[in-house]
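**Student:** To convert a position in the sequence shown, counted from 1, into the working numbering, add 858.
Just to be clear, a hint being listed does not mean it is correct.
As the list claims (entries may be wrong) - Derived pair list, reagent style PhoX-like, types lysine-lysine, alpha-carbon separation capped at 20 Å:
hint, residue 1, residue 2
1, Lys1016, Lys1093
2, Lys971, Lys885
3, Lys939, Lys992
4, Lys939, Lys915
5, Lys1127, Lys1078
6, Lys1078, Lys1131
7, Lys1127, Lys1116
8, Lys1131, Lys1093
9, Lys971, Lys1078
10, Lys1093, Lys1127
11, Lys992, Lys971
12, Lys1131, Lys1116
13, Lys1016, Lys1078
Unchecked claim - Label pairs and their computed distance ranges (CB to CB):
hint, residue 1, residue 2, range
14, Lys1152, Ala989, 20 to 26 Å
15, Ser1160, Ala908, 45 to 51 Å
16, Gln1151, Ala989, 37 to 43 Å
17, Asn1089, Glu1061, 20 to 26 Å
18, Arg1031, Gln1114, 39 to 45 Å
19, Gly872, Glu1027, 45 to 51 Å
Treat the hints as calculated values from the structure; they're not laboratory data.
Given the structure is predicted, the values throughout are model-derived calculations rather than measurements.
From the three backbone atoms N, C-alpha and C, an ideal C-beta is built for every residue, glycine too.
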Amino acid sequence: MGRRTHAQLVLCNGHRELLNILVQYGKGVMLLSQLRAICLATGLYPSGQAVNRAVRKLREANVLTRQTWVDGNSDLVVARKAVFEFLNNTNSRAVATPPRPATMAPYIAQARKIDWLLAMMEVHRLGSPDAIAKFLRRRGCTVFLRQSELLDYYHRYKLYLSENHTVYEAEVRYLEGQEIRREHLAQHLPPPEHSVPQTVTLEQMHLRGIYIDGFSPREKLVHLVFFPGRNAGAKHIMDWVIDSCWWIRGIFPGYQVKLTLHVLDAAHKESLKRSLEARSRGQAYWRARLAGQKIDGMLRLSAYDSDFVNRWCCGVRSV
């Protein structure tokens, strides 16, 4: 851990799984209440108080810090640079200082994914960190993959993604170019020339908040989960959904799509339902948009009320 003290190292070793969860699923930032829920569901600590004590000790040792959440009361647990040094078993020079966004939007987006994960843990009875990791990998889930991990994803699932070899190789070349670009930026070198695909990519889908929940070669079905914001209207959503369908048609030829809108609360669900099901050309707007692209029948669309705002934001309506 570079110049970190022996006491910090001992403390990190004692709470390694907690730190792993914080970085792997929260990208180094997580609501304390969500971190506590995962730690209890996986049996890492005997009580919520024990999780709180662990976090407090790590904060006192300058391994973690805190930030106030959108409700003005709850804590965001934030990993300091020392956590990444410890988990990567490297020194300070080899680890970049974690960036801190200027707004809460990236933190809210990540917290929504943690909310999704907790729902999956409950439904599928995932009782250990290892069970969570195996579950996500078995499904081919991309919800928690960083952009830098997508190339490895393509290699790992090549058997399923390379049926259309031309499309597969084009996306792999693009991701290889992105990897070189990141290396150049890290070394403060001019970015290399890099061709951008003319069609949507999995990387672009992630930037829009659309992820692969899982896919089934047996059923010829891809499950997508989409975390739309409250300001995303029906046209905006369907533009991106249609792009996603065309991406799947290229990389998963012959597959159907089941897409779930993971919405913020009941009001959000009702608003989207009204706009997506408004009549257009004699049918629901979302169906008419698909028909216009001649891909009607390819998509099953549903919405799930996560009650995120009430559960994690104390009802703050601005989220």
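**Student:** Now tell me, hint by hint, if it's right for this structure.
**Tutor:** Tested hints:
The suggested pairing of Lys1016 with Lys1093 is violated, with an alpha-carbon distance near 33 Å, which exceeds 20 Å. A distance of roughly 11 Å separates the Cα atoms of Lys971 and Lys885; the hinted pair therefore holds under the 20 Å criterion. Restraint check for Lys939 and Lys992: not satisfied, since their Cα atoms lie roughly 27 Å apart, outside the 20 Å limit. A hinted pair counts as satisfied when its Cα atoms are at most 20 Å apart, and Lys939 with Lys915 qualifies at roughly 16 Å.
With a C-alpha separation of about 28 Å, the suggested pair Lys1127 and Lys1078 falls outside the 20 Å cut-off, and the hint is violated. A distance of roughly 27 Å separates the Cα atoms of Lys1078 and Lys1131; the hinted pair therefore is violated under the 20 Å criterion. This hinted pair checks out: Lys1127 and Lys1116 have alpha carbons roughly 17 Å apart, not beyond 20 Å. Taking the CA atoms of Lys1131 and Lys1093, the gap is near 13 Å; set against the 20 Å cutoff, the hint holds.
Annotation: proposed proximity of Lys971 to Lys1078 is violated, straight-line Cα distance about 25 Å (limit 20 Å). Taken as a hint, the Lys1093 and Lys1127 pair is honoured in the structure, with Cα atoms around 16 Å apart against an allowance of 20 Å. For the given pair, Lys992 sits about 17 Å from Lys971 by alpha-carbon distance, which is consistent with the 20 Å threshold. Taking the CA atoms of Lys1131 and Lys1116, the gap is about 17 Å. The hint holds against a cut of 20 Å.
Annotation: proposed proximity of Lys1016 to Lys1078 holds, straight-line Cα distance about 16 Å (limit 20 Å). At about 42 Å, the beta-carbon gap between Lys1152 and Ala989 misses the expected band of 20 to 26 Å. Restraint check, Ser1160 to Ala908: a C-beta distance of roughly 38 Å breaks the suggested window 45 to 51 Å. Between Gln1151 and Ala989, the C-beta spacing of about 39 Å keeps the proposed range 37 to 43 Å intact.
The hinted range of 20 to 26 Å is satisfied by Asn1089 and Glu1061, whose Cβ atoms lie roughly 23 Å apart. Take Arg1031 and Gln1114: their Cβ atoms lie about 28 Å apart, and the range 39 to 45 Å is violated. Between Gly872 and Glu1027 the Cβ separation comes to about 46 Å, which falls inside the hinted range of 45 to 51 Å.
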